[in-house]
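S.K.: Read off the chains here:
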Amino acid sequence: NAGVTQTPKFQVLKTGQSMTLQCAQDMNHNSMYWYRQDPGMGLRLIYYSASEGTTDKGEVPNGYNVSRLNKREFSLRLESAAPSQTSVYFCASKGEGAFSPLHFGNGTRLTVT
Amino acid sequence: DAKTTQPTSMDCAEGRAANLPCNHSTISGNEYVYWYRQIHSQGPQYIIHGLKNNETNEMASLIITEDRKSSTLILPHATLRDTAVYYCIVRVETSGSRLTFGEGTQLTVNP
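Residue numbers (this note's numbering), protein chains in the order written: chain C, 916 to 1028; chain W, 181 to 291.
Hint data in this document are derived by calculation from the structure and do not stem from the laboratory. Since we're looking at a predicted model, the values are computed, not measured. C-beta: ideal position from N, C-alpha, C; glycine also. Be careful, since some hints might not be right.
Not close to chain W: a few residues of chain C, all C-beta gaps over 10 angstroms, as computed [said to hold, decoys possible]:
#1 Val919
#2 Gly931
#3 Gln932
#4 Asp941
#5 Arg959
#6 Tyr979
#7 Ser990
#8 Ser999
#9 Thr1001
#10 Pro1016
#11 His1018
#12 Asn1021
#13 Leu1025
#14 Val1027
Output of the computed footprint for chain C on chain W, the stretches with three or more beta carbons under 8 angstroms from beta carbons of chain C [claimed, not checked]:
#15 237 to 251
#16 280 to 287
With the hints as extra help, turn the sequences into a complete structure.
M.R.: Next comes the structure, spelled out in structure tokens:
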């Protein structure tokens, strides 16, 4: 039982390049989330998906797109990377039930030069 | 979701209790208090949650004031491995609703 798996762990991009961050969970959770964390700051929600086939914007969605490919997978795409998108990206999932906690992956550390 | 206020940083001696406060004066009746922590370079980890009664699990205790406007997370015997950023979050418990993190409290446990 791997929980929430993120790939890649590290990535360096040049300004203007595109890439997709992958996230998969094996806990049969309906809800999935993408957060970013900048140095010394808390987590900020980029996008979330309450169920397969639905996605919604969070606090900081500009410059990102998401795809809920199926129940297991929720990907985050940067179409044209900018230095301001240098950050650590965390994916999380949450099960059904009133008190299910969020389960987080260990993050993707992205640097845009 | 109600806004929360936490101290930026706290220190605690190893083996002593760590008491982390959180103010949530605008909390509404159907909002729960959640605590997560983030150890350096890892994803956040769920600790505990509560509505109005005090709660205890294997990791910590949660004390919520009677008016529910503030709460305290207690780590009864802090260890060096408890050094982390602790986040207090208040939200309505609706399946699929989003969770918003603030800046949290950096707890440093000293030997």
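S.K.: Hint by hint, note whether the structure agrees.
M.R.: Structure-based check of each hint:
no.: 1; hint: Val919; in the structure: violated, 7 angstroms
no.: 2; hint: Gly931; in the structure: holds, 28 angstroms
no.: 3; hint: Gln932; in the structure: holds, 25 angstroms
no.: 4; hint: Asp941; in the structure: holds, 15 angstroms
no.: 5; hint: Arg959; in the structure: violated, 8 angstroms
no.: 6; hint: Tyr979; in the structure: holds, 15 angstroms
no.: 7; hint: Ser990; in the structure: holds, 17 angstroms
no.: 8; hint: Ser999; in the structure: holds, 19 angstroms
no.: 9; hint: Thr1001; in the structure: holds, 16 angstroms
no.: 10; hint: Pro1016; in the structure: violated, 3 angstroms
no.: 11; hint: His1018; in the structure: violated, 8 angstroms
no.: 12; hint: Asn1021; in the structure: violated, 5 angstroms
no.: 13; hint: Leu1025; in the structure: holds, 14 angstroms
no.: 14; hint: Val1027; in the structure: holds, 20 angstroms
no.: 15; hint: 237 to 251; in the structure: violated (count 0)
no.: 16; hint: 280 to 287; in the structure: holds (count 5)
Figure legend: structure checked against the earlier numbered hints; hints not met, in rising order: 1, 5, 10, 11, 12, 15.
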